[in-house]
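Visitor: The residues making up each chain are set out below.
2 protein chains.
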Amino acid sequence: MPQALPTFDDVLAAAARLEGVAHKTPVLRSRTLDDRMHAQIYVKGENFQRMGAFKFRGGFNALAKLNQTQRRAGVVAYSSGNHAQAVALSAHILQIPATIFMPHDASPAKLAATQGYGAKVIGYDRYSEDASALATDLSHSQGLTFIPPFDHPDVLSGQGTAALELFKEVGELDALFVCLGGGGLLSGSALAAKALSPDCQIVGVEPEAGNDVQQSFRKGERVKIATPVTIADGAQTPMVGAITFEIIKALVDDIHTVTDSQLVDSMRFYAERMKMLVEPTGCLSLAAALQAADSLHGKKVGLIVSGGNIDMARFSQLMMTYP
Amino acid sequence: MPQALPTFDDVLAAAARLEGVAHKTPVLRSRTLDDRMHAQIYVKGENFQRMGAFKFRGGFNALAKLNQTQRRAGVVAYSSGNHAQAVALSAHILQIPATIFMPHDASPAKLAATQGYGAKVIGYDRYSEDASALATDLSHSQGLTFIPPFDHPDVLSGQGTAALELFKEVGELDALFVCLGGGGLLSGSALAAKALSPDCQIVGVEPEAGNDVQQSFRKGERVKIATPVTIADGAQTPMVGAITFEIIKALVDDIHTVTDSQLVDSMRFYAERMKMLVEPTGCLSLAAALQAADSLHGKKVGLIVSGGNIDMARFSQLMMTYP
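Protein chains in written order, with our numbering: chain A, 1 to 323; chain B, 1001 to 1323.
One or more hints might be untrue.
To be verified - Label-pair distances were calculated between CB atoms; the ranges are:
(1) A:223 / B:1122: 55 to 63 Å
(2) A:168 / B:1020: 20 to 28 Å
(3) B:1020 / A:130: 50 to 58 Å
(4) A:168 / B:1297: 51 to 59 Å
(5) A:24 / B:1259: 44 to 52 Å
(6) B:1220 / A:322: 31 to 39 Å
Because the hints were derived from the structure by calculation, they are not lab data. Glycine included, every Cβ here is placed at the ideal spot set by N, Cα and C.
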């Protein structure tokens, strides 16, 4: 890697760029959850972020750093959903033309929202086509700046601002559970955690069916898997990023996995008891914390909820499928 | 009526009793909603209140005013759900024995929560039995204090503290839409509104199938209807309260009605766009505001969301039934 890894200073700089643009999302508590876990649980609700997910932070930070020439030419990105909306909304705010590759089976709500922000959407097949290659090719042929979904210093530094806000609001934590796909949120969160709460155990959580980062973490090098089939559509990444993995190796303590059924249990808990909508990927952190409850007694634990973008047809189907 | 009607001073006294006990619930905004309505919409989220509904405010206020003899003897209440939980939780906090009559078809989540707070629950048939008579009889035979669900000065004064918080946070409003069953929330809100925002138009909203208050309001006297069949289970009251109606007649500007289908549209909007769970009754205010959108252009409008207690089986069923 030619460039130096981003640091906590980059997270602070991102926070300054996002000031007044991103929402300072709420930190939510639940007596029921605290009682069940015998712990103090702090839930950072990025489902209440603009466009419904933390991804806005990284997308906006990356676009806000572009110069005038880059802005005029435009940006290209690919995403199963939330990064698409993040780039589309950020481009809309900054008046930058945006082209987004989205899988044909992307959630209708995410597709509609991305188009609603004025981005040009091009479909691709999630299981047979390489979206990164498609986006890179278009960026070369049309002179667009490619904004990758996670493996980029500015993107991951932006994502770290959610954890930054959490620590600023609640102080140090004993453990922090973070949803994990390509590692943008986890690596950014780790930069913030190590600076503001050095003894905090940092746990990344991915779907059991797509445990590429757990495998990579144990092996010490990146492992690529087939695109996993899981309801956590934001964590269907076949391989962790190169930059994000360097930070994860250095700063993260462990990688846990959870099943789709456990994700739906957490979705139901959030909805019924905390009255909030969380998409399956956003439930990774709670589902893992519930699994690890015995080791968390008496501790102060943070959970980052990554997003809440799911349409009600899909949500209801999941509730019916996993009763 | 022998006793004087409660006033804004009673709402202020209730707020003092609830300080540090009830949550100061968030006031939520949505750019999408503002754009669609061409108005500034402020949503007071009582679904985030303790036990998931505004009812905690009135229940706790009434129980907190009991003397030691009354507390030792215990309380009795009846409710399709949220008042049951409100009295049960308040009794739990104040260490008062509580007996609650709940209909056999009450939501399983509400039943479980009420029992979870330690209350004794007795079932009754919503369509054939008079719950108020059952509760009154038991109060006489066992010396319990009967806490009615809405038609009581201390209950409605407590409910008014939600609107009190809303006005304190956002200032005066042009219009306030309030969910309406027996009139506790509406009459309490009206006391707060007339004191803090005298020119605010106050609109109560009930289900079209159960428009007893609209009929009563037009006729100038209370009209009793058969228990209405509507998904808004918190508004299945056959007749408005005597005390609440006096305040409604004096202070409320209009009563609107909405259909079950419009309620589900609002539930879907809250879930998909604002990431929050609202029970059907809690959607009355938004559904009516959407219907009245043309008359609200450019205005500053408050909506009170009454509660969010619905289990996911029922929620999903409604999403499927009203696509």
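Visitor: If a hint holds in the structure, say so; if it doesn't, say that too.
Guide: Hints and how they fare:
{"no.": "1", "hint": "A:223 / B:1122: 55 to 63 Å", "in the structure": "59 Å, holds"}
{"no.": "2", "hint": "A:168 / B:1020: 20 to 28 Å", "in the structure": "24 Å, holds"}
{"no.": "3", "hint": "B:1020 / A:130: 50 to 58 Å", "in the structure": "57 Å, holds"}
{"no.": "4", "hint": "A:168 / B:1297: 51 to 59 Å", "in the structure": "39 Å, violated"}
{"no.": "5", "hint": "A:24 / B:1259: 44 to 52 Å", "in the structure": "38 Å, violated"}
{"no.": "6", "hint": "B:1220 / A:322: 31 to 39 Å", "in the structure": "53 Å, violated"}
Figure legend: structure checked against the earlier numbered hints; hints not met, in rising order: 4, 5, 6.
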